[in-house]
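Protein sequence lines correspond, in order, to chains A and B.
Quick note: the first sequence, position 54, residue 54 per the working numbering, numbers continuous.
Quick note: the second sequence, position 143, residue 143 per the working numbering, numbers continuous.
It should be emphasised that the hints constitute simulated quantities derived from the structure, not laboratory data.
Note that CB positions come from ideal geometry on N, CA and C, so glycine has one too.
Looking from chain B toward chain A, a few residues come up when the C-beta cut is under 10 angstroms (computed):
id : residue
1  : T4
2  : H29
3  : G41
4  : M144
Under the rule of at most 30 angstroms between Cα atoms (straight-line distance), these lysine-lysine pairs were calculated in the BS3-like manner:
id : chain 1 : residue 1 : chain 2 : residue 2
5  : B       : K12       : A       : K116
6  : A       : K263      : B       : K272
7  : B       : K95       : A       : K27
8  : B       : K93       : A       : K240
9  : A       : K240      : B       : K305
10 : A       : K299      : A       : K253
11 : B       : K3        : A       : K342
12 : B       : K12       : A       : K328
13 : A       : K51       : B       : K107
14 : B       : K21       : B       : K72
15 : A       : K204      : B       : K229
16 : B       : K107      : A       : K27
17 : A       : K293      : B       : K21
18 : A       : K383      : A       : K337
19 : A       : K27       : A       : K51
20 : B       : K221      : A       : K352
21 : B       : K305      : A       : K263
22 : A       : K232      : B       : K25
23 : B       : K107      : A       : K30
24 : A       : K105      : B       : K95
25 : A       : K240      : B       : K25
26 : A       : K299      : B       : K21
27 : A       : K36       : B       : K104
28 : B       : K106      : A       : K116
29 : B       : K21       : A       : K328
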Amino acid sequence: MEEKEMAKSETPFLDELEKGEWPSFVKDMKQAAEKKPMAKDLLRQLELSYKEKIGHWKHGGIVGVKGYGGGVIGRYSDRPDLFPGVEHFHTMRVNHPTGWFYTTKALRTLCDIWDKHGSGLTNMHGSTGDIILLGTTTDHLQSCFDDLSDAGFDLGGSGSALRTPSACVGPARCEWACIDSLNICYDITMSFQDQLHRPMFPYKFKIKVSGCANDCVASIARSDFSIIGTWKGKIQIDQKEVQAYATAGLDVKAEITDLCPTKCMTWDEKAKTLAIEDADCTRCMHCINMMPKALRQGKEKGATLLIGGKAPIVQGALLSTVIVPFMKLEPPYQELKDLILKILDWWDEHGKMRERVGELINRLGMRTFLKDIGLKPVPQMVKNPRTNPYVFFWPEDIKKEVK
Amino acid sequence: MAKTDIGPPNYKNFMPPVIQKNYGKWQYHEILQPGLLKHVGETGEEIYTVRAGSPRLMSTDHIREICEIAEKYCDGFLRFTSRHNIEFLLTDKAKIEPLIAELKSKKYPVGGTGHCVTNIVHTQGWVHCHTPATDASGPVKAVMDELHEYFSTMTMPSQVRIALACCLNMCGAVHCSDIAILGIHRTVPKPDHSRVPNVCEIPTTVASCPTGAIRPDPKTKSVTINEDKCMYCGNCYTVCPALPLADPENDGISIWVGGKVSNARSAPMFSKLAVPFLPNNPPRWPETVAAVKNIVETYAKHARKHERMGEWINRIGWERFFRLTGIEFTDKHIDDFTTASETYRTTTQFKWG
Numbered sequence: 001m002e003e004k005e006m007a008k009s010e011t012p013f014l015d016e017l018e019k020g021e022w023p024s025f026v027k028d029m030k031q032a033a034e035k036k037p038m039a040k041d042l043l044r045q046l047e048l049s050y051k052e053k054i055g056h057w058k059h060g061g062i063v064g065v066k067g068y069g070g071g072v073i074g075r076y077s078d079r080p081d082l083f084p085g086v087e088h089f090h091t092m093r094v095n096h097p098t099g100w101f102y103t104t105k106a107l108r109t110l111c112d113i114w115d116k117h118g119s120g121l122t123n124m125h126g127s128t129g130d131i132i133l134l135g136t137t138t139d140h141l142q143s144c145f146d147d148l149s150d151a152g153f154d155l156g157g158s159g160s161a162l163r164t165p166s167a168c169v170g171p172a173r174c175e176w177a178c179i180d181s182l183n184i185c186y187d188i189t190m191s192f193q194d195q196l197h198r199p200m201f202p203y204k205f206k207i208k209v210s211g212c213a214n215d216c217v218a219s220i221a222r223s224d225f226s227i228i229g230t231w232k233g234k235i236q237i238d239q240k241e242v243q244a245y246a247t248a249g250l251d252v253k254a255e256i257t258d259l260c261p262t263k264c265m266t267w268d269e270k271a272k273t274l275a276i277e278d279a280d281c282t283r284c285m286h287c288i289n290m291m292p293k294a295l296r297q298g299k300e301k302g303a304t305l306l307i308g309g310k311a312p313i314v315q316g317a318l319l320s321t322v323i324v325p326f327m328k329l330e331p332p333y334q335e336l337k338d339l340i341l342k343i344l345d346w347w348d349e350h351g352k353m354r355e356r357v358g359e360l361i362n363r364l365g366m367r368t369f370l371k372d373i374g375l376k377p378v379p380q381m382v383k384n385p386r387t388n389p390y391v392f393f394w395p396e397d398i399k400k401e402v403k
Numbered sequence: 001m002a003k004t005d006i007g008p009p010n011y012k013n014f015m016p017p018v019i020q021k022n023y024g025k026w027q028y029h030e031i032l033q034p035g036l037l038k039h040v041g042e043t044g045e046e047i048y049t050v051r052a053g054s055p056r057l058m059s060t061d062h063i064r065e066i067c068e069i070a071e072k073y074c075d076g077f078l079r080f081t082s083r084h085n086i087e088f089l090l091t092d093k094a095k096i097e098p099l100i101a102e103l104k105s106k107k108y109p110v111g112g113t114g115h116c117v118t119n120i121v122h123t124q125g126w127v128h129c130h131t132p133a134t135d136a137s138g139p140v141k142a143v144m145d146e147l148h149e150y151f152s153t154m155t156m157p158s159q160v161r162i163a164l165a166c167c168l169n170m171c172g173a174v175h176c177s178d179i180a181i182l183g184i185h186r187t188v189p190k191p192d193h194s195r196v197p198n199v200c201e202i203p204t205t206v207a208s209c210p211t212g213a214i215r216p217d218p219k220t221k222s223v224t225i226n227e228d229k230c231m232y233c234g235n236c237y238t239v240c241p242a243l244p245l246a247d248p249e250n251d252g253i254s255i256w257v258g259g260k261v262s263n264a265r266s267a268p269m270f271s272k273l274a275v276p277f278l279p280n281n282p283p284r285w286p287e288t289v290a291a292v293k294n295i296v297e298t299y300a301k302h303a304r305k306h307e308r309m310g311e312w313i314n315r316i317g318w319e320r321f322f323r324l325t326g327i328e329f330t331d332k333h334i335d336d337f338t339t340a341s342e343t344y345r346t347t348t349q350f351k352w353g
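So that you can see chain A by itself, here it is in the shape it has in the complex (with noise of 0.2 angstroms):
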């Protein structure tokens, strides 16, 4: 009975993966191959990769909506012969609300529209952090669009655009936020809709914004130009609350003090104060995570500006470095646009194609970026100064020959 039941099966391999505690995709997909026929066929595509170890999709394809010239990627299987319903197999996305805040009814309105026109599949949330919808034919796309844009929703970034921008949840749910994250990526989204929209850049550009040096956005690893809250002035202590954390079994020497980055932590376990020698901090936040009852930042706000983070391809993998180590951040965050304009100007000036601006700022040398931005060099922006003879100077740091 049960074998027969095994070779009723048209998935042997992905039933197995609707076994196990952890939710399974497997299941999902199922549910929507009820009730699509394209949805089905992208199951039964998915069985055949599993079973030959191999992907079955075709290699790109242009297509895309009206005025856009991103935010669709073209999928085509490359065996349509045996999966009709996946021949065109389109993927839309949706910038999400910042901060993947939702409400139900913004959320059914989306699942609604992505039955009418779509698979029924979703990624919450791809990788950029948009909303994904997974699977639609090319006839659909200008009509799915249509009715995204009247129930309030826009495409996302894709190729040599600049990328939907994220932010942690910031000043909504979270007493760390150094920055208003939301409204700076909002603002950034909503300002530069033409470069999210119509690539023209020699590669894809992203900007995340996290509220604290937690990054729980990993803009320094994922993105740019990263965006990362911080302060100035000393963090503000509440001995009472340090000393409601050591009653509750912290143990503040061997949790805190001795586990800062800088040492610049002492902890008196006869008086149980907590002193901090503030000019010494480098606001790491393991402290502040420890005892957020106890320790509140800083008052002076504002953010640390870094730039080049990237995943390996081309040269090799990146993290963002600092080239601001604080910028004031308030509405209308002009400043922080200007400079974000500027640097996307010289980048497409100089950039080749595919290289990323980490990559440029590599091969032309940190000293023109900076001199072309017009950021002035400080001792923040490096771990330390150049251990190499090879200095380049300037015309004009030369003494010119008097006839």
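Based on the hints, put chain B in the right spot on chain A.
What follows is chain B alone, placed relative to chain A:
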């Protein structure tokens, strides 16, 4: 025609009233139990967050089920996290236990907070990508089936962030994760000389190679690839579809460890190579699951409280990491890309293992 350039809906319209009122005025938070956060505002107002895992790849029916739950307990407000978790936001304390009970009865894992293994950030894989060296959702499901108890508890020394990218393009940017599962190719692209001249721009294709392995071939109007220089990154395939490199028997998975993005205590770090190659073995990738589990559990056993994977390894040294995990150290672990010499040991200080 529909309006363009309207941007995303304004997030302010999607926030529950308690957030609107306390925006920017939160004072502190506590993790009351795995998967349950309490944030307290300056006025003493509270918001509770119940966090649950999702498979990321979700049907509209699944999303509607989440909506039903949020309508029943949270006045129709919810959010998602940067790691594909669902957060139910509520103010009525009395509704917390029933919400968690309903989530559990519907098989939602509740957790993902504090010192846990949270949800795996991942890519599309064979489901929807044209360059994958492995699947994404499948290995993630298999690994999380094995590690799910670490999602719903907080027994790890510190946060454990696992990420999966199904090829080196890393749209999942896994390169700064405690554990990165990375799909890799191991064979040189096979130029389809009949198609290259028609579908590829030769100078762009040549320029796309980070090691200069691609040369134009004027005779065939195609390209040749120097097999000694190619490290199978796949960048040429991205710009030239006639250079396929997927290879069912030789593609597979590599495992990287010790990266982080947070600045807490130590600076952000890249992940480093732990296991150079494991075979693609669908549907459950047992070798990959075992390797990840071994690393997680070895770390959990030996690391000190609050030490992230990379901080633990930096303290004990890589020589001890390889001994404790039993992972074999090979010539593949020694870098030979442009940044290689930064990783060679320039001191006589090391451990015997």
